[in-house]
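Colleague: Take a look at the letters that make up each chain.
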Amino acid sequence: QVQLVESGGGVVQPGTSLRLSCAASGFIFNNYAIHWVRQAPGKGLEWVGLISHDGRKKYVDSVKGRFTISRDNSKNTLFLQISGLRVEDTAVYYCARALPRMTTVGWFDPWGQGTLVTVSS
Amino acid sequence: QSVLTQPPSASGTPGQRVTISCSGGRSNIGTNTVDWYKQLPGTAPKLLIYSNIHRPSGVPDRFSGSKSATSASLAISGLQSEDEADYYCAAWDDTLNGFVFGSGTKVTVL
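Line by line, the protein sequences give chains A and B.
Everything in the first sequence is counted per our numbering, starting at 1 for the first residue and increasing by one.
Everything in the second sequence is counted per our numbering, starting at 1001 for the first residue and increasing by one.
Since the hints were derived computationally from the structure, they do not count as laboratory data.
Given the structure is predicted, the values throughout are model-derived calculations rather than measurements.
Careful: at least some of the hints might be erroneous.
Stated by the list, open to error - Listed next, the in silico DMTMM-like pairs over lysine to aspartate or glutamate satisfying Cα-Cα at most 25 Å (straight line):
hint : chain 1 : residue 1 : chain 2 : residue 2
1    : B       : Lys1067   : A       : Asp54
2    : A       : Lys43     : A       : Glu88
3    : A       : Lys57     : A       : Glu46
4    : B       : Lys1046   : A       : Glu46
5    : A       : Lys64     : A       : Asp54
6    : B       : Lys1067   : B       : Asp1094
7    : A       : Lys64     : A       : Glu88
8    : A       : Lys57     : B       : Glu1082
9    : B       : Lys1046   : B       : Glu1082
10   : A       : Lys57     : A       : Asp72
11   : B       : Lys1106   : A       : Asp109
12   : B       : Lys1046   : B       : Glu1084
13   : B       : Lys1106   : B       : Glu1082
14   : B       : Lys1067   : B       : Asp1086
15   : B       : Lys1106   : B       : Asp1083
16   : A       : Lys64     : B       : Asp1094
17   : A       : Lys57     : A       : Asp109
18   : B       : Lys1106   : A       : Asp54
19   : A       : Lys57     : A       : Glu88
20   : A       : Lys75     : A       : Asp54
21   : B       : Lys1067   : A       : Glu46
22   : A       : Lys43     : B       : Asp1061
23   : B       : Lys1106   : B       : Asp1086
24   : A       : Lys75     : A       : Asp109
25   : B       : Lys1046   : B       : Asp1086
26   : A       : Lys58     : B       : Asp1094
27   : B       : Lys1106   : B       : Asp1061
28   : A       : Lys64     : B       : Asp1086
29   : B       : Lys1067   : B       : Glu1084
30   : A       : Lys58     : A       : Asp109
31   : A       : Lys43     : B       : Glu1084
32   : B       : Lys1067   : A       : Glu88
33   : A       : Lys43     : B       : Glu1082
34   : B       : Lys1067   : B       : Asp1083
35   : B       : Lys1106   : A       : Glu46
36   : B       : Lys1106   : B       : Glu1084
Said to hold, decoys possible - Beyond 12 Å from chain B on every Cβ pair, some chain A residues (computed):
hint : residue
37   : Gln13
38   : Pro14
39   : Gly15
40   : Phe27
Glycine residues also receive a C-beta, built at the ideal position from the N, C-alpha and C atoms.
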């Protein structure tokens, strides 16, 4: 079945870097854009960014310059590189497939289970 | 502060109808389609309604979506205990050049 599985979260100190991964299965990975969405503890959803099926990227303004999304189509895996981590980056990070196929402006389905990033000294 | 505005809470008794509003602007809801997501505590969001009115396979027809101008609504009819969850609207914003989510509405079944 179509599935996304995130990994790479953990407890990190402010100012450090972290790379999150999102492993995809059950669909033709290079046909779809993938989004990252985060949710701070007890808060709502915040869109972080996307990478299109052909590698174009967009980010929310608040993370531009610190977050980098990439994909390895040979391994059906998406990455989110985060540098200069801040306390306010503490959140569960979800990856989600974009529908319809080969579009970036659509809906998200499915979502991964999420990976928790905690930034604390 | 979210770009899309939702009421923080909504409630009803079993069998009742509950409606959740999502208010935006010309650059998001006014121009693009709206999607709705349901999130149970401690779990990932799930797609509930896409492109304003469409239900994915497996979503009961008790759930319906609508859109008019710069606002959208999600209606839950025949409210059931398993409908207790947080609900979020989402849309692409042409000005921000990214997706925006509503602030979320917690639905309680009394």
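Colleague: Next, verify each hint and record whether it holds.
Modeller: Going through the hints against the structure:
1. Restraint check: the Cα-Cα separation between lysine 1067/B and aspartate 54/A comes to about 31 Å, which exceeds 25 Å; the hinted pair is violated.
2. In summary, the hint linking lysine 43/A to glutamate 88/A is supported, as the alpha carbons are separated by about 12 Å, within the 25 Å threshold.
3. Under the criterion of a C-alpha separation no larger than 25 Å, the hint pairing lysine 57/A with glutamate 46/A is consistent with the structure, at around 17 Å.
4. For the suggested pair lysine 1046/B and glutamate 46/A, the alpha carbons sit about 15 Å apart, so the restraint of at most 25 Å is met.
5. Note on lysine 64/A and aspartate 54/A: the hinted pairing holds, with a Cα-Cα distance of about 20 Å set against a maximum of 25 Å.
6. A hinted pair counts as satisfied when its Cα atoms are at most 25 Å apart, and lysine 1067/B with aspartate 1094/B qualifies at roughly 18 Å.
7. Of the supplied pair hints, the one linking lysine 64/A and glutamate 88/A holds, its CA atoms being roughly 15 Å apart against a limit of 25 Å.
8. The suggested pairing of lysine 57/A with glutamate 1082/B is violated, with an alpha-carbon distance near 37 Å, which exceeds 25 Å.
9. Distance restraint check for lysine 1046/B and glutamate 1082/B: the Cα-Cα separation of roughly 14 Å lies within the 25 Å cut-off, and the hinted pair is therefore satisfied.
10. For the hint linking lysine 57/A to aspartate 72/A, the alpha-carbon distance of about 14 Å falls within 25 Å, and the restraint holds.
11. The hinted pair formed by lysine 1106/B and aspartate 109/A meets the criterion: a straight-line CA distance of about 21 Å does not exceed 25 Å.
12. Only pairs whose Cα atoms come within 25 Å are accepted, and lysine 1046/B paired with glutamate 1084/B is accepted, the gap being roughly 14 Å.
13. A distance of roughly 13 Å separates the Cα atoms of lysine 1106/B and glutamate 1082/B; the hinted pair therefore holds under the 25 Å criterion.
14. In summary, the hint linking lysine 1067/B to aspartate 1086/B is supported, as the alpha carbons are separated by about 20 Å, within the 25 Å threshold.
15. In summary, the hint linking lysine 1106/B to aspartate 1083/B is supported, as the alpha carbons are separated by about 10 Å, within the 25 Å threshold.
16. A C-alpha spacing of about 17 Å is found between lysine 64/A and aspartate 1094/B, which places the hinted pair at or below 25 Å, so the restraint holds.
17. Our distance criterion of 25 Å between C-alpha atoms is met by lysine 57/A and aspartate 109/A, whose separation comes to about 19 Å.
18. The suggested pairing of lysine 1106/B with aspartate 54/A is violated, with an alpha-carbon distance near 37 Å, which exceeds 25 Å.
19. This hinted pair checks out: lysine 57/A and glutamate 88/A have alpha carbons roughly 23 Å apart, not beyond 25 Å.
20. With a C-alpha separation of about 15 Å, the suggested pair lysine 75/A and aspartate 54/A falls inside the 25 Å cut-off, and the hint holds.
21. Restraint check for lysine 1067/B and glutamate 46/A: satisfied, since their Cα atoms lie roughly 22 Å apart, inside the 25 Å limit.
22. With a C-alpha separation of about 29 Å, the suggested pair lysine 43/A and aspartate 1061/B falls outside the 25 Å cut-off, and the hint is violated.
23. For the proposed pair lysine 1106/B and aspartate 1086/B, the alpha carbon gap of about 4 Å is at most 25 Å, so the pair holds.
24. Between lysine 75/A and aspartate 109/A, the direct Cα distance comes to roughly 20 Å. Compliance with the 25 Å bound is thereby established for this hinted pair.
25. A threshold of 25 Å between alpha carbons decides the hint, and for lysine 1046/B with aspartate 1086/B the separation of about 11 Å falls inside it, so the pair holds.
26. Distance check on the hinted pair: lysine 58/A and aspartate 1094/B sit about 12 Å apart at the alpha-carbon level, within 25 Å; holds.
27. Distance hint between lysine 1106/B and aspartate 1061/B is fulfilled; the C-alpha atoms sit about 20 Å from each other, no more than 25 Å.
28. The suggested pairing of lysine 64/A with aspartate 1086/B is violated, with an alpha-carbon distance near 28 Å, which exceeds 25 Å.
29. For a cut-off of 25 Å, the pair hint linking lysine 1067/B to glutamate 1084/B stands: about 23 Å separates their Cα positions.
30. Taken as a hint, the lysine 58/A and aspartate 109/A pair is honoured in the structure, with Cα atoms around 19 Å apart against an allowance of 25 Å.
31. The hinted pair formed by lysine 43/A and glutamate 1084/B meets the criterion: a straight-line CA distance of about 17 Å does not exceed 25 Å.
32. The hinted pair formed by lysine 1067/B and glutamate 88/A fails the criterion: a straight-line CA distance of about 34 Å is larger than 25 Å.
33. Between lysine 43/A and glutamate 1082/B the CA atoms are separated by roughly 21 Å; this keeps the pair inside 25 Å, and the hint holds.
34. Taken as a hint, the lysine 1067/B and aspartate 1083/B pair is honoured in the structure, with Cα atoms around 21 Å apart against an allowance of 25 Å.
35. Using a Cα cut-off of 25 Å, the hinted pair lysine 1106/B and glutamate 46/A holds, with the two alpha carbons roughly 17 Å apart.
36. Proximity of lysine 1106/B to glutamate 1084/B is assessed by CA-CA distance (about 7 Å); at most 25 Å being required, the pair is judged to hold.
37. Its beta-carbon lying about 26 Å from the closest one in chain B, glutamine 13/A satisfies the requirement of being farther than 12 Å from that chain.
38. At the 12 Å boundary, the C-beta of proline 14/A stays outside the reach of chain B, the nearest C-beta of that chain being 24 Å off.
39. With 12 Å as the threshold on Cβ separation, the claim that glycine 15/A sits away from chain B holds: the shortest Cβ distance comes to roughly 26 Å.
40. The claim that phenylalanine 27/A lies off the interface holds: its Cβ sits roughly 15 Å from the closest Cβ of chain B, which is beyond the 12 Å cut-off.
The earlier numbered hints that this structure contradicts are 1, 8, 18, 22, 28 and 32.
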